[in-house]
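Enquirer: If you're matching them up, the sequences are chains S and Y in order.
So in the working numbering, spot 371 of the first sequence is number 371, and the numbers just go up one at a time.
So in the working numbering, spot 48 of the second sequence is number 48, and the numbers just go up one at a time.
In case anyone wonders, no lab produced these hints; they're calculated from the structure.
Hints may contain errors.
Cut-off 30 Å, straight-line C-alpha distance, at most; resulting in silico cross-link-like pairs (DSSO-like, lysine-lysine) [as the list claims (entries may be wrong)]: (1) K148/Y - K166/Y; (2) K186/S - K15/Y; (3) K188/S - K15/Y; (4) K42/S - K16/S; (5) K141/Y - K158/Y; (6) K14/Y - K188/S; (7) K488/S - K16/S; (8) K186/S - K14/Y.
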Amino acid sequence: MSANPETVKQSSSSLKDKLATFHSWAAVDDSTLNKGQKLAVKYFMGAVILFIFQIIFGLLAGIQFIAPGFLYEILDFSVNRMIHINAMILWMLYGFIGCTYWLLEDESGTEIVGLKYGVIGFWVLSAAITIVVLVYLLIQTGAGNDTTLWLINEGREYIEAPRWADIGIVAVMLIFFYNVVMTFSKGKWSGIAGVLTLDLVALAGLYVAGMFYMTNITHEQFWWWWVIHLWVEATWEVLVGVIMAWSLMTILGVSRRIVTTWLYIEVALMFGSGILGLGHHYFWIGTPEYWLTIGGFFSALEPIPLVAMVVHAVYDSGERSFKNMNHPAMAWLIAHAFGNFFGGGVWGFMHTLPQINLYTHGTQWSASHGHFAFFGAYATINIAFFYIAIQHWRGNVWMGSNSLNEWRWKWALALLNIGVVGMTIALLIAGYEQSFIERAIGGSTWGGYFAAQTHPSFMSAMHWRMLFGLVTAAGLGLLVWDLLTIGKGETRKAEMIIHSK
Amino acid sequence: MSENPQWASESFWKKVAVWVTAGSFLILVVLTFDTLKQTSAGGDRVPAYSVINKKIDYQFDKKLNKFMPIIDGEELLFGKEFSEEEAEQLVTLGKKTTQAKNCMNCHTLLGNGAYFAPDLTKAWLDQGWLTVGLREEQMLKFLMDPEKNARTFGTDRKMPNLDITKEEAKGIVAFLKWMSSIDTNGFPYNFTTIYAEDD
Ligand code: HEM
Ligand code: HEM
Ligand SMILES: [Fe+2]
Chain S
1 MSANPETVKQ SSSSLKDKLA TFHSWAAVDD STLNKGQKLA VKYFMGAVIL FIFQIIFGLL
61 AGIQFIAPGF LYEILDFSVN RMIHINAMIL WMLYGFIGCT YWLLEDESGT EIVGLKYGVI
121 GFWVLSAAIT IVVLVYLLIQ TGAGNDTTLW LINEGREYIE APRWADIGIV AVMLIFFYNV
181 VMTFSKGKWS GIAGVLTLDL VALAGLYVAG MFYMTNITHE QFWWWWVIHL WVEATWEVLV
241 GVIMAWSLMT ILGVSRRIVT TWLYIEVALM FGSGILGLGH HYFWIGTPEY WLTIGGFFSA
301 LEPIPLVAMV VHAVYDSGER SFKNMNHPAM AWLIAHAFGN FFGGGVWGFM HTLPQINLYT
361 HGTQWSASHG HFAFFGAYAT INIAFFYIAI QHWRGNVWMG SNSLNEWRWK WALALLNIGV
421 VGMTIALLIA GYEQSFIERA IGGSTWGGYF AAQTHPSFMS AMHWRMLFGL VTAAGLGLLV
481 WDLLTIGKGE TRKAEMIIHS K
Chain Y
1 MSENPQWASE SFWKKVAVWV TAGSFLILVV LTFDTLKQTS AGGDRVPAYS VINKKIDYQF
61 DKKLNKFMPI IDGEELLFGK EFSEEEAEQL VTLGKKTTQA KNCMNCHTLL GNGAYFAPDL
121 TKAWLDQGWL TVGLREEQML KFLMDPEKNA RTFGTDRKMP NLDITKEEAK GIVAFLKWMS
181 SIDTNGFPYN FTTIYAEDD
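Extracted from the complex, chain S is given alone in its bound form:
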């Protein structure tokens, strides 16, 4: 297409106008952000959109437990569920990348090195995701050959993205690294910067472990868990430790020395238990018996760092009488500390020893834990950061006590947490019932499985899950509305906090 330069200019300027109109409607002001933060808000907006997708497809999948004919052979359960969990992983990764870009310039004390590449990376990644989702929705499955695994779907829970997209994701991650490492190198390194960089290397390196086809399913699942477990129970956990450290320092004013020391303690405890805790997924997949002991022992220690993180967050906040410049963000950070501990630590611990996992493995029990942990640990801290970002983007407005329309963020917080905890309890009941009737008595046969699925307590649990799913969705709706409006029309500037040395 040979475009007339004149029209190109016009359309790009009209796009600029539209963007400007949107900015003035949303009352956001780019000039209050540094370059890294401008990139960060792109990622945060992408994250919110993917979060909405996650919930829509979760609701569809949930309905299919109650009405199996719903969308049968149009959007089957497998498709809805895949998009539900893929959108979740992606929005959280978007959020984490956003958080990193957000703190990069402040922490390094210099300008981001490769902003241009970062922006290109963002659009490439977003375009790739759009294509992947369209293929999931419209093509869904393919023939049993390599072409399907390369172009349509890899068929491995959480990392279903086809191989071409895997390669794209790794390429974009390399750009991200380049930006992080080069910016810190140009500016200054700190304890937080060091932990962050090494953790990101590990996080991306692990993804590569999930990029190979294997016929031997024992080997395949062995490596698959390297990605899934060593992400959520090691590298992501340390990443949120970094984000938490930085947030406590900036919005509460805790001293750098204290947050850095805590961060090292958390790394030691988390990696010390989480790396070998990987063994709790190697009980039943064909791997040797020593994993029963190693996996059981080390994973049982995993709640310890999560307790330490609660103590840290609550103690530091209490010491400052919770005096801070961003109430919604602070509330979500506290929700994170508790959610991480209960969803990951307590719910994980309850089924982590092999003697109990023999019966709960692969039941709604796992779904109960999965929901509580991913929400409690990772949704919460990302939401906290959305609030930190929007406060700055609206010109560092007041978000302390008696801010306008406070009820919105409070109700969003309440509905989302009540919704997810409600779903967690409903799934827990279903999980106990399934472990007992299908597993212990029915011996996991197909007959045993369906006996458990048709049991009245299972069916009523599925209805409760749906109800609380709707509460969650309402909470998300309110959250999005609040993010679009909070601080608009606010004339007071944010309170200054006193930083301890």
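Fit chain Y with the ligands to the given chain S structure using the hints.
Expert: Just chain Y with the ligands now, kept in the frame of chain S:
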């Protein structure tokens, strides 16, 4: 920093963090090599693909106090004896098909996946296939047209038609048969196989 005891100092915990992480990772790497070796196809825990020529059962072992796969005697699949190479080819086709059709987002395999449909770890041995004689035919028919051959057991949940070809269906059956022979440390517990009635 003089008011700080050594054990509460930043530099102390930095060293601890580095050593603990490196140590744990090193142990994991060593165990990974050992595990991969012990679980390569053809070993004790994960049988060779040609196990599809054999009779596979799953029974409680009183001495070991857990359920164990029992492999003995010949029981050909589709009336054919597969060489090691042919068997691997067929199981590979089956494994790729399970990925291409996204089985894992409804079912669990070795207990991992989704919880909308039954576990497939020992599907080959399930009494749902009625008799040993009917099993192969039932499985192929079901996989190729799950809607008409639905085994919904009162839930109305039906597996969708996934356009599985006959060759792919055979691959899946071979894959499921091979998977049922893996030593999974006694998971699932208390499973009654299709052979149990014959005893
Ligand atoms: C915030 C951190 C965590 C997240 C996000 C998380 C998430 C998950 C998810 C989604 C699953 C299901 C995987 C599947 O689809 O098969 C799972 C399984 C499991 N998690 Fe966690 N988890 C976390 C922390 C923990 C901790 C700290 C423990 C132990 C103390 C734990 C123990 C387990 C166990 C034993 C399973 C296997 C369940 C089964 O056998 O089916 N998790 N986790
Ligand atoms: C409207 C709210 C939601 C509904 C109705 C919903 C529904 C579902 C359904 C039906 C499944 C499939 C479970 C199965 O295989 O049986 C699922 C899986 C999952 N969902 Fe949700 N979900 C919702 C919100 C969330 C949220 C907020 C999160 C986390 C932030 C989440 C994380 C997950 C995870 C990790 C899995 C995989 C669990 C596993 O394999 O063990 N979901 N969800
Ligand atoms: Fe785990």
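Enquirer: Would you mind marking each hint as holding or not holding in the structure?
Expert: Hint check:
1. Taken as a hint, the K148/Y and K166/Y pair is honoured in the structure, with Cα atoms around 16 Å apart against an allowance of 30 Å.
2. Restraint check: the Cα-Cα separation between K186/S and K15/Y comes to about 25 Å, which is no more than 30 Å; the hinted pair holds.
3. In summary, the hint linking K188/S to K15/Y is supported, as the alpha carbons are separated by about 21 Å, within the 30 Å threshold.
4. The suggested pairing of K42/S with K16/S holds, with an alpha-carbon distance near 16 Å, which does not exceed 30 Å.
5. Simply put, K141/Y and K158/Y have alpha-carbon atoms about 14 Å apart, close enough for the 30 Å limit, and the pair holds.
6. Taking the CA atoms of K14/Y and K188/S, the gap is about 18 Å. The hint holds against a cut of 30 Å.
7. Between K488/S and K16/S the CA atoms are separated by roughly 22 Å; this keeps the pair inside 30 Å, and the hint holds.
8. Of the pairs offered as hints, the one joining K186/S and K14/Y holds, with about 23 Å between alpha carbons and a cut-off of 30 Å not exceeded.
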